[in-house]
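Undergrad: Build the full structure now, drawing on both the sequences and the hints.
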Amino acid sequence: MTQALWSLFWIAVFPGFLFTFSLGLVASWVVRKVSALVQWRVGPPVLQPFYDVAKLLGKEILVPEDAQRSVFMAAPLIGMAGVLLLSTILWRTAIAEEAFVGDVIVVIYLMVLPSLAFILGSSASASPHAAIGASREMKLVMGYELPLVLALVVVIVKTGGQLNLAAIAQQTPVYSISGMLAFLVSLLCIQAKLGFVPFDIAESETEIASGVLMEYSGALLAVWKVMHAMMLVALPLFLVTVFLGGFGTTGWSLVWSIGKYVLILVLLILIKNTNPRMRIDQAMRFFWVYCGIVMVLAVVLTTIGSYYDINWL
Amino acid sequence: MNQQELNEKIVEVEDKLIAIEQRPGNRIFLLCEAESSYTINRFLFEDVQARFVIATGIDSDDCFEVLYHYSYDQTGCVITINTYIRDRDNPSIESIAPFLPAAEWIEREIHDLLGIDFPNHPDMRRLILSDDWPDDVYPLRKDAEKPTKRPDGDPVSRPIEQTQSPARRTIQLSKPIIAVGPLHPLQEEMEFFQLAVDGEIVTDIDMRISYNHRGIEKITESLQFDQVPFLVSRICGICSASHPLAYVRAVEEIAGITPPERALYVRTIINELERIHSHVLWFGLAGHFIGYDTVFMWAWKYREPVLDLLEEITGNRNNYGNVKVGGCREDIPNELKPRILKDMDEIERKMDMLIKAVLDDPILHARLKGVGILTKLDAIRYAVTGPTARASGLPIDVRRDDPYAAYADLNWNVITQPEGDVFAKAVVRLLETLESIKMIRQAVKRLPDGPIAVEVREIPPGEGCGRAEAPRGETFHYVRSDGSNRPVRHKIRAPSYVNVPSFKASCIGERIPDVTITLAAVDPCYSCTERLAVADENSKITHDYEALLQLSRDKTDRIREEIGSQHLKPEDS
Amino acid sequence: MSWRIRALKKSPWVFHVNTGACNNCDIEIVDLLTPRFDVERFGIKLVGSPRHADALLVTGAVTAQAAPRLREIYRQTPKPCVVFAIGACACDKGIFHSGYHIVGPVDKIIREIDPNAIIAYVPGCPPKPEAMISGVVKALSAL
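Chains as they are written, first to last, in the numbering used here: chain A, 52 to 364; chain B, 20 to 592; chain C, 875 to 1017.
When the alpha-carbon atoms are kept at most 30 Å apart in a straight line, the in silico DSBU-like pairs for lysine-lysine are as follows:
id, chain 1, residue 1, chain 2, residue 2
1, A, K84, C, K953
2, B, K369, A, K323
3, B, K356, B, K320
4, A, K84, C, K1002
5, C, K884, A, K276
6, B, K356, C, K1002
7, C, K884, A, K84
8, A, K323, B, K375
9, C, K953, C, K884
Examples of chain C residues lying across from chain A (beta carbon under 10 Å, computed):
id, residue
10, W877
11, I879
12, P909
13, H926
14, R949
Just so you know, the hints here were simulated from the structure itself, not pulled from any lab data. Using N, Cα and C, we set each Cβ at its ideal position, and we do this for glycine too.
TA: In structure tokens form, the structure reads like this:
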């Protein structure tokens, strides 16, 4: 009974929903503020994303006539649920150092859920623009999933074949060549997952009309925004856990880990602000060919390295 | 040919004309019956090689008149063919569109507004009245109510389906397209384009305009001569100094007025400031289209000092209201002169930086060169003007050909480029900005003392053709007066009216990702490229506006990768 | 004051509609995004779809061809929302009031479908960007 109550607490409050939600909105503010500064502007105040969500919750929800209602309304919730679970699992690994065998695989599946939700939601929107967005998102996902999985394979090989996050988090693959390569490729995959430039092909931010989310309004749109904000917490945390030696929760380790998280956020923002948008077929080629080859190379390197016990490979 | 030779050449067709009238200010009027119109038009276009400007339809008491205006740029002469259509019940005059694509739109417009038929016109669909406008109400006719009220009440309560009249059908393209753009948050001018595509290549293009039709030519008939400049400066936000200037020139031509010298210089300064403003604005937008948003923010930031200066002089950032018949309304105080010179230095520095960055950037070269080419021949057939024409090697510029204001006194160059592609258009505009800065400096230093207006009492009967070089090209106003204090007819031709249809020539054969930038390169009076989409033959939309925008930007990025050069980063401020 | 309205005031997302304007107002609206005015500071964001909008910035005197579009867009905007008539043309047809192709002004068209619509007027030809910001702020604080 208490276990069940604890689980509920973890999912709903800390480190689950409330925590991830708040941290995520602050992270999304950081992204907007830095982008504004780069453009010689001042940018929004800190609480802006919170106001945005509150406002959206108060607006009416309009569902297009021809839309597939149930899927249309369920899609954002599916996405958010996925990210929520992902975040909870990752934080629990960091805080309690608990893990279970195979949780890496669960994490991979959970990371796909937000993209699937986008595809479902926009396909259910019965709008030509959303349909285009959906098809692009599909192609993008097909593009980056492979390198991402290969990057994880690199890490798993380094742990000697262990499939649980706690073990993975013990090491810091990034101090080796293959690990660094895997980290960089994963960073770009995360960039695509978050829908940031240069990969914001399916849905663009700021001035351009948002293809995928075009028909969403009100509370449903709020859920999408919250999901996106939560991804800003979960995905960098994933990178920290898997590549940068885990997220420590005590003393200096905590400070150091916060630094790692901030570093990833900064890298994401930097890439976002210094590049124009890619075309979908270009993006696919980029991921499959360039990232794919690099990752295969990394896997080979790390296999050799672990066989011959050369750590820096 | 010089003017003497031109006069002699025209005599060749004397037998088909009622009369040849040489009017002061380098204007020739050829009067003829409707039956000879085709021949005389062809003669002017092909033999004399004059440039078609626009056609004006007039409802006179006992007949209809269609005036075809041509410009002979080598001497700055405006030749007008004044045809008379005697049959008021079934007015009709043979279409000249078969040999002159530039005339297609205006004949459709005259048909809409006056009910004149143009047999042999290749594509007589409704152009500028709304879909639900009743078929036989012609607003520009004199017997229509003045001002014309909507004949059957407002259609506002009718649902959308009922407002699609068969008069406006999408063109029968081989692979039809639906143009339904997302409403773009940056600019929302509601015009839209329909593209027919075959795979990735555009095979045909059509455009609907009528969202912006406000019936200005009818409104001016109910205003007095001195009220009209306020109306026409609101035709377009960016050419808002050029339209009133062209109108005022036309009226001054009728009345034989010459404004005082100081007024001419003030007009020059204001118009050149407007040109700088417009070109920098365009450049920001073009940057946005190909994916350089930093350039967009940067260009619009440096536009602000120009607007501040204009506000200081005229009282408003846009819409200056500074010309009137006989001179100017607002003077430039002499104390402001040092500030203008200082601002010009500053802007010139920024422009130099920008121009170097653009002219040297290999990505921009690869992205914009060879794209959206408008050949010189097409430029002539579509009678384009302004930077669009000059970038295709046509050295036409109203400021030099038919000088007005103080342009004849200043030392400046007409900028042309031969290639006709988007890059050439960008170069022309940027270099013109530098020329404008030069002109403003000269004008400010030489600003003569004296009054800024002469008093005007009466406008006698007569006709005047006034034009000005707006940032987008030649603005042409034709005014007919009958001695009262209102115009009998006022025809307005904005430069985009001839530049935009040239898309047919420059977009066909282009790939879809290049379409947005080609359309933007003509600098249509504000981005009409909004409503733009591409669909396949089943009318399923495959690309919407942001998709096209994105393709455009993606191509930039692809090229950047191939070249491996740095992302354009203007130095700062 | 309900929490909805309070949140709306802090995060007004705007959608720009041109119903046949000369573009002066439109340029000034776009200018709001640029570094000198930077309306993102107030939480104002230009969005690409009316479904995401809280306020419609409407320019132009509403031509006959544009009227059905304007009505559609208003219907697609989730309530509560505010309609801003920007510029003299949108407020009361401006200098084009006698044009035969003009069916506006904006409030007439909007009230046909929603008599209780909230409409705010920002006159000017064009209104300066500062005036627009001030108008938006005033309207929101009067809600």
